[in-house]
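Here are the chains, one letter per residue:
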Amino acid sequence: MTQNGSQILSISSGKGGVGKTFITVNVATCLAGHKKRVLVVDCDLGLANIDIMIGVSPQYTLKDVIFDNADIERVIIPTQYGFHFIPASSGVKEMTQLLYESIETTKTMITNLAKNYDYVILDTGAGISETVLQFNLFATKNIIVLNRELTSLTDAYATIKVIYQMFGRYAFHIIINSVKDGEEAKRIFTHIDGICKKFLGFPLSLLGHIASDEAVPRSILKRQVLMQAFPEARSAADLARIAENIGE
Amino acid sequence: MPLHVNSRERDMNAKNNIGKILNKYSSVISLLEKSKPGKYFGVDDLIAELSSLDGQAIYRVMEIFLDISEDLVRISEDLKRENEALRSMALIDNLTGLYNNRFFLLQLDTEMARTRRTGLSCALLMVDLDNFKRINDTYGHLEGDRFLSDIGNCLKASVRPTDTVCRYGGDEFTVIMPATGYREAKRIADRLRKAAKLLSKPLNLGVATSIGVAEYTVNRNWDAKEFIHAADQSMYDIKKNRKKRFHGQEITERPGEAAQPVTVEEKEAIFGLYDELRTEGEE
Numbered sequence: 001m002t003q004n005g006s007q008i009l010s011i012s013s014g015k016g017g018v019g020k021t022f023i024t025v026n027v028a029t030c031l032a033g034h035k036k037r038v039l040v041v042d043c044d045l046g047l048a049n050i051d052i053m054i055g056v057s058p059q060y061t062l063k064d065v066i067f068d069n070a071d072i073e074r075v076i077i078p079t080q081y082g083f084h085f086i087p088a089s090s091g092v093k094e095m096t097q098l099l100y101e102s103i104e105t106t107k108t109m110i111t112n113l114a115k116n117y118d119y120v121i122l123d124t125g126a127g128i129s130e131t132v133l134q135f136n137l138f139a140t141k142n143i144i145v146l147n148r149e150l151t152s153l154t155d156a157y158a159t160i161k162v163i164y165q166m167f168g169r170y171a172f173h174i175i176i177n178s179v180k181d182g183e184e185a186k187r188i189f190t191h192i193d194g195i196c197k198k199f200l201g202f203p204l205s206l207l208g209h210i211a212s213d214e215a216v217p218r219s220i221l222k223r224q225v226l227m228q229a230f231p232e233a234r235s236a237a238d239l240a241r242i243a244e245n246i247g248e
Numbered sequence: 001m002p003l004h005v006n007s008r009e010r011d012m013n014a015k016n017n018i019g020k021i022l023n024k025y026s027s028v029i030s031l032l033e034k035s036k037p038g039k040y041f042g043v044d045d046l047i048a049e050l051s052s053l054d055g056q057a058i059y060r061v062m063e064i065f066l067d068i069s070e071d072l073v074r075i076s077e078d079l080k081r082e083n084e085a086l087r088s089m090a091l092i093d094n095l096t097g098l099y100n101n102r103f104f105l106l107q108l109d110t111e112m113a114r115t116r117r118t119g120l121s122c123a124l125l126m127v128d129l130d131n132f133k134r135i136n137d138t139y140g141h142l143e144g145d146r147f148l149s150d151i152g153n154c155l156k157a158s159v160r161p162t163d164t165v166c167r168y169g170g171d172e173f174t175v176i177m178p179a180t181g182y183r184e185a186k187r188i189a190d191r192l193r194k195a196a197k198l199l200s201k202p203l204n205l206g207v208a209t210s211i212g213v214a215e216y217t218v219n220r221n222w223d224a225k226e227f228i229h230a231a232d233q234s235m236y237d238i239k240k241n242r243k244k245r246f247h248g249q250e251i252t253e254r255p256g257e258a259a260q261p262v263t264v265e266e267k268e269a270i271f272g273l274y275d276e277l278r279t280e281g282e283e
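Residue numbers (my numbering), protein chains in the order written: chain A, 1 to 248; chain B, 1 to 283.
Pulled out of the complex, with its shape left as it was, chain A reads as follows (with noise of 0.2 Å):
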């Protein structure tokens, strides 16, 4: 929690294509539907694609806020899914590599921003960058999205390890993506814990997991937020309960 009670989660992977975009827009979408104020700010610097996702072509990014000096407040698009959103630019390699300073500076806005909205969700980039970190440390709540694939695993991990090491959090919540069902989400969680609990010695917690159904690639192809295309799915029902766990 910040000062003023609203909550900053970080929404990280390591790997990418594991479903970080994916998930920050349709938790988003759930929790706005719970009138609650949330702000999505794309942190992939380098490569965003939530305004692709949900279908906007934003004509101000975080790159003219950063290195522009644009108003912060112009750059915010709202949804027509209910939250708020602020665009990062993508291929413009500048921001890959931030100063310090800039980071310092993109913080210092959002925490301004942060007093009108309930949530505020930061979809970090995949990889393990200063950037990613650097958002990750200015989380109230990391957020780790994984899935069956090895590397994933490996690659969760791996941003665990370091964001502990660098940072001394240990408090993460883990979604696991893309399961057959709550067993298999199950399963790949008491592994993931015992391993972390062996060889970092703390517990990670399992915010929920998201069934694999035709849902999820129908919705991306057609660009829109899968909580409003297919509400009936069962992976919209998962990422509903996400949502919930997260507003606990």
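A couple of the hints might just be wrong.
To be verified - If you want the ones that stay clear, here's a sample from chain A, every Cβ over 10 Å from chain B, calculated: (1) P78; (2) A171; (3) R234.
To be verified - Residues from chain A that face chain B, not an exhaustive set, calculated with beta carbons under 7 Å: (4) L150; (5) L153; (6) T154; (7) A158; (8) H191; (9) I195; (10) F199.
Keep in mind that the hints were calculated from the coordinates and are not lab data.
If you're wondering where the values come from, they're calculated on a predicted model, not measured in any experiment.
Glycine included, C-beta positions come from ideal geometry on N, C-alpha and C.
Model the placement of chain B on the given structure of chain A, informed by the hints.
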């Protein structure tokens, strides 16, 4: 009692004192000894013996013990006073064997006075360990203490013979460098940092040293407090800057740089899960 006696002499003195008192009452003692020849008295024996003596003898034996105990109280008070005096005179830090804060302040005054007299500037290094707490947290306090002691030795071995290394407190050390200017002090500081890095790197906990440098010259109207403050300030600036350096070559300087990569054991544990999941999928 004179302060210069060592502990062995002190023990001898105490024994002699008690011996003298016992001699005065030797007749009673011999009376006691006669009833149990060749044996020392335990408390039980003594009570048994006392109860067999007549009133007069008991009174005299009591007197002996009162006398001895009074003397013992006096001796122990003397010892306590003496210990306190010694402790306050102690100038060595127990853990590291370096000079302690007390000596540091005395020596700094001396060296600042020397600067005013000779006109040669004096430098002060403030050495602080970043993330030292992680050693305690990860390996326990004993290991933390040992690391502090190792760092102490390392600093001492890396300075020049005329420099004085002190433990300032906790994980902070100071080095007083007589007849040394700012640039030379910076150079030595860099040497210390590199030497300390060799010690801290194998721990892989991101422990590093931040070393502040200050120079005292005749025309600086500082007292010791201000001199220490200047070195402190320089150390904090370095700490702050280190956190700011993220890019290119500088990245190797970051305290978090020593973070351990995912180890083979960890990877194998993760692979284990994967194999399990895969075989389940094939079933």
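Going down the list of hints, with the structure as the test:
Non-interface call for P78 of chain A relative to chain B: holds, since the shortest CB-CB distance, roughly 34 Å, exceeds 10 Å. Consistency note on A171 of chain A: stated as away from chain B, and its beta-carbon is indeed over 10 Å from all of that chain's, at 16 Å minimum. With a least CB separation of 19 Å from chain B, R234 of chain A remains clear of the 10 Å interface cut-off, as annotated. A distance limit of 7 Å between C-beta atoms decides the matter here; for L150 of chain A the minimum to chain B is near 4 Å, and the interface restraint holds.
The restraint placing L153 of chain A at the interface with chain B holds, with a minimum CB-CB distance near 5 Å, inside the 7 Å limit. Interface hint status for T154 of chain A: upheld, as the beta-carbon distance to the closest one in chain B is roughly 5 Å, under 7 Å. The interface hint given for A158 of chain A holds, since its Cβ lies 5 Å from the closest Cβ of chain B, which is under the 7 Å cut-off. Because the beta carbon of H191 of chain A sits about 4 Å from the nearest beta carbon in chain B, less than 7 Å, this interface hint is met.
Interface hint status for I195 of chain A: upheld, as the beta-carbon distance to the closest one in chain B is roughly 5 Å, under 7 Å. For F199 of chain A, the suggested interface contact is upheld, since its CB lies about 5 Å from the closest CB of chain B, less than 7 Å.
Comparing the model with each numbered hint stated earlier shows that all of them hold.
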